[in-house]
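Chemist: In order, the protein sequences belong to chains A and B.
Residues in the first sequence are numbered from 1 upward in steps of one, following full-length UniProt numbering.
Residues in the second sequence are numbered from 1 upward in steps of one, following full-length UniProt numbering.
One or more of the hints may lead you astray.
[As the list claims (entries may be wrong)] Here are the simulated DSS-like cross-link-like pairs (lysine-lysine), alpha carbons at most 27 Å apart as the crow flies: (1) A:Lys55 - B:Lys22; (2) A:Lys236 - A:Lys336; (3) A:Lys236 - B:Lys43; (4) A:Lys322 - B:Lys243; (5) A:Lys2 - B:Lys107.
[As the list claims (entries may be wrong)] Counterexamples of contact, computed for chain B against chain A with all Cβ distances above 10 Å: (6) Asp6; (7) Ile29; (8) Gly42; (9) Gly50; (10) Pro52; (11) Arg58; (12) Glu64; (13) Ser88; (14) Pro89; (15) Lys110; (16) Gly171; (17) Glu193; (18) Asp198; (19) Lys220; (20) Gly271; (21) Phe288.
Bear in mind the hints are in silico, worked out from the structure with no lab data behind them.
Even glycine gets a Cβ: it sits at the ideal position worked out from N, Cα and C.
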Amino acid sequence: MKLHEYQAKEIFADAGIPVPDSRLASTVDEVMDAVDEIGYPAAIKAQVHVGGRGKAGGIKIAEDDQQARQYADEILGMDLKGYTVDEVLVEAGVDFENELYVGVTMDRGEGEPVAMVSTEGGVDIEEVASETPDAIAREHIDPAFGLHPYQARGVVYEAGVDREYANDVASILTSLYDLFEERDASEIEVNPVMITADGDVVAADAVMNIDDDALFRQPDLAEMEDEAAEDDLEAKANDYGFDYVRLSGNVGIIGNGAGLVMTTLDLVDHYGGEPANFLDIGGGAKAERVANALDMVFSDENVDSVVFNIFGGITRGDEVAKGINEALGRFDEIPKPVVVRLAGTNAEEGMEILNADLVQVESTLEDAVQRAVENAEGNQ
Amino acid sequence: MSILVDENTRVVVQGITGGEGKFHAGQMIDYGTNVVAGAVPGKGGQEVHGVPVYDTVREAAREEDADASVVFVPPAFAADAVFESLDSPVDLVVAITEGIPTQDMAKVNKRLSEVDTRLIGPNCPGIITPGETKLGILPGNIFESGDVGLVSRSGTLTYQVVSNLTERGIGQTTAVGIGGDPIIGTSFVDALELFEEDPDTEAVVMCGEIGGEDEEQAAKYISQNMDTPVAGFIAGRTAPPGKRMGHAGAIVSGSGTGTAESKIEALNDAGVPVGDTPSEVAEHVEGFL
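Sequences and hints are given; from them, build the entire structure.
Modeler: The structure is reproduced here in structure tokens:
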């Protein structure tokens, strides 16, 4: 789960990390009230979960009232890579001399967190990482002990940060790691940390992503989840408790188990079709859940054809077949052709139960996918 | 022969009084697994399927001479359950639980480097040596005893590939699901190493998926250290970047690392044929035997 910049900065400020003075605004009038209090220059920053907001026109620096009004009007309501901007953060401009990158992330290869510091701040850090990896200093952290102060200082010095403000940067890094651990973050980064002419150190941007699997013990963060930022169908899938990802094709896919569903998508592509979605109904699904899954896929107007692929371990073929019959029995006319392939536990019983007037039955994965792709082509 | 588990493995089931733990303990016993004890805090003295339950893993392992444990404990308490097993005298822990916070697993991972116990999973279907024993939730009836080792990050994809093998009359020495989380106890390389050492494993199937670099590491290991032929499959060729595809670990990063292309290329470079479909994987294996 991603936090918005303003949410992350509230958390930073509470943790004693210096951030610029700012106000959240959702109308032009609110922006004007905010600049009255903050003064100029003021940054007006779109609050959407999109990388590269600045380049896309979602961040502008206003020098006076006229500019503030104009930029607020432009940014509020704008479409930024598919996301509508409902809120902006109005923030005091920082007169900086240097920009740094400071972050903490989970290194999955090593299985432990890693702190990263670079003097190449303010630019795309992924690019820095791939083009000049030596420009980023890294320090792995033993999760049982946490980040030792000497490690924080060490990685800051190693990155080549000026001694004059190195201690302040190390202190920000230490606070970031504490937040990373306490708030179950998967990634936390400040790009840039700005250094002012007076040598003050300020967190000018904030990225904080939270481990979805830890939200049960971070209830206040879970509440910050921005449902408006989700695709409508993805929000619906969330309500049903499905793992669902919407894609751009027209073959709807339902299956059980992440690896097998991904494989079904890949096979649709392999046989010349385009997958419309990833939908994993999970293990042990009963009839109602199966019906919900069909409802999900039929709700996607791009879908011209559906393939249902179940390999039962704990999931039982007869239960799935009942769910399919029930769900499709509600329609006078089946909205889109459905191909079903059942294998594994109680698959034979399931095949017998399936109503052949409602679905097309195939016995292998490859045949089922090919037939669904043909149906989609014929149905466009 | 087999790797890690056989008919002599003595198993303690953590969470045996819960819904899933109870059901799958029964399935394991039916399959022939030597389930010797259960461990659930506060439930010591009870019996489930005729198996004695103890309050702690340490007590269960000591009293019943168990050498492996299977964890069916909800995510919030699962890391603690794994730590408990690591600190008891079992040799192998299989964690089935899906949804353990990553930072809990980072701490478990650290502890693993300090002990001799092996962890399989979490978020995995478990391990099976067909005809002898299974630890986990794999449906025993689809597996056949034979001479191919199988290692996979996914449960149902494993079942699919196994059924393609079985259709061709190819059985398995051992099949191990290593799990779909970002931080797991046993990697592809660990499993491949064990299969390479097993004299009865004539070929290996590895089923990978998008996310991380474990498959690339495996490719390197195969080209440098393995005589046993390996066939591969990689799921997630059509996955968009930045989206978690069901498994917590199945994600192509925004900057484009962890892609299926990179893994397939690495495996091909290591001489490992990668099937476009699960049945192609079985064809490759048939060609090896």
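Chemist: Work down the list of hints and note, for each, if the structure agrees.
Modeler: We went through each hint and held it up to the structure:
Distance check on the hinted pair: Lys55 of chain A and Lys22 of chain B sit about 56 Å apart at the alpha-carbon level, beyond 27 Å; violated. A distance of roughly 20 Å separates the Cα atoms of Lys236 of chain A and Lys336 of chain A; the hinted pair therefore holds under the 27 Å criterion. At roughly 40 Å between alpha-carbon atoms, Lys236 of chain A and Lys43 of chain B are farther apart than 27 Å, so this suggested pair is violated. The hinted pair formed by Lys322 of chain A and Lys243 of chain B fails the criterion: a straight-line CA distance of about 31 Å is larger than 27 Å.
About 23 Å separates the Cα atoms of Lys2 of chain A and Lys107 of chain B, which keeps this hinted pair within 27 Å; it holds. Chain A leaves Asp6 of chain B outside its interface by the beta-carbon criterion, the shortest separation being 22 Å against a cut-off of 10 Å. For Ile29 of chain B, the non-interface assignment is confirmed: its Cβ lies about 16 Å from the closest Cβ of chain A, beyond the 10 Å cut-off. Gly42 of chain B, annotated as away from the interface, keeps every beta carbon of chain A farther than 10 Å; the closest lies near 22 Å.
Every beta carbon of chain A lies more than 10 Å from that of Gly50 of chain B, the smallest distance being close to 23 Å; the non-interface claim holds. For Pro52 of chain B, the non-interface assignment is confirmed: its Cβ lies about 26 Å from the closest Cβ of chain A, beyond the 10 Å cut-off. Consistency note on Arg58 of chain B: stated as away from chain A, and its beta-carbon is indeed over 10 Å from all of that chain's, at 21 Å minimum. With a least beta-carbon separation of about 27 Å from chain A, Glu64 of chain B lies farther than 10 Å from that chain, consistent with its non-interface assignment.
Every C-beta of chain A lies more than 10 Å from that of Ser88 of chain B, the closest at about 19 Å, which supports listing it as non-interface. At roughly 22 Å from the closest C-beta of chain A, the C-beta of Pro89 of chain B stays outside 10 Å, upholding its exclusion from the interface. At the 10 Å boundary, the C-beta of Lys110 of chain B falls inside the reach of chain A, the nearest C-beta of that chain being 5 Å off. In this structure Gly171 of chain B is separated from chain A by more than 10 Å, as the shortest Cβ-Cβ distance comes to about 17 Å.
Against chain A, the non-interface label of Glu193 of chain B holds: every CB pair exceeds 10 Å, the least being about 17 Å. Remark: the non-interface label on Asp198 of chain B is consistent with the geometry, its nearest Cβ contact in chain A lying 24 Å away (cut-off 10 Å). Separation of Lys220 of chain B from chain A is adequate, the least Cβ-Cβ distance of about 13 Å exceeding the 10 Å criterion. The non-interface label for Gly271 of chain B is consistent with chain A: the shortest C-beta to C-beta separation is roughly 22 Å, beyond 10 Å.
No Cβ of chain A comes within 10 Å of the Cβ of Phe288 of chain B; the nearest lies about 22 Å off, and the non-interface call holds.
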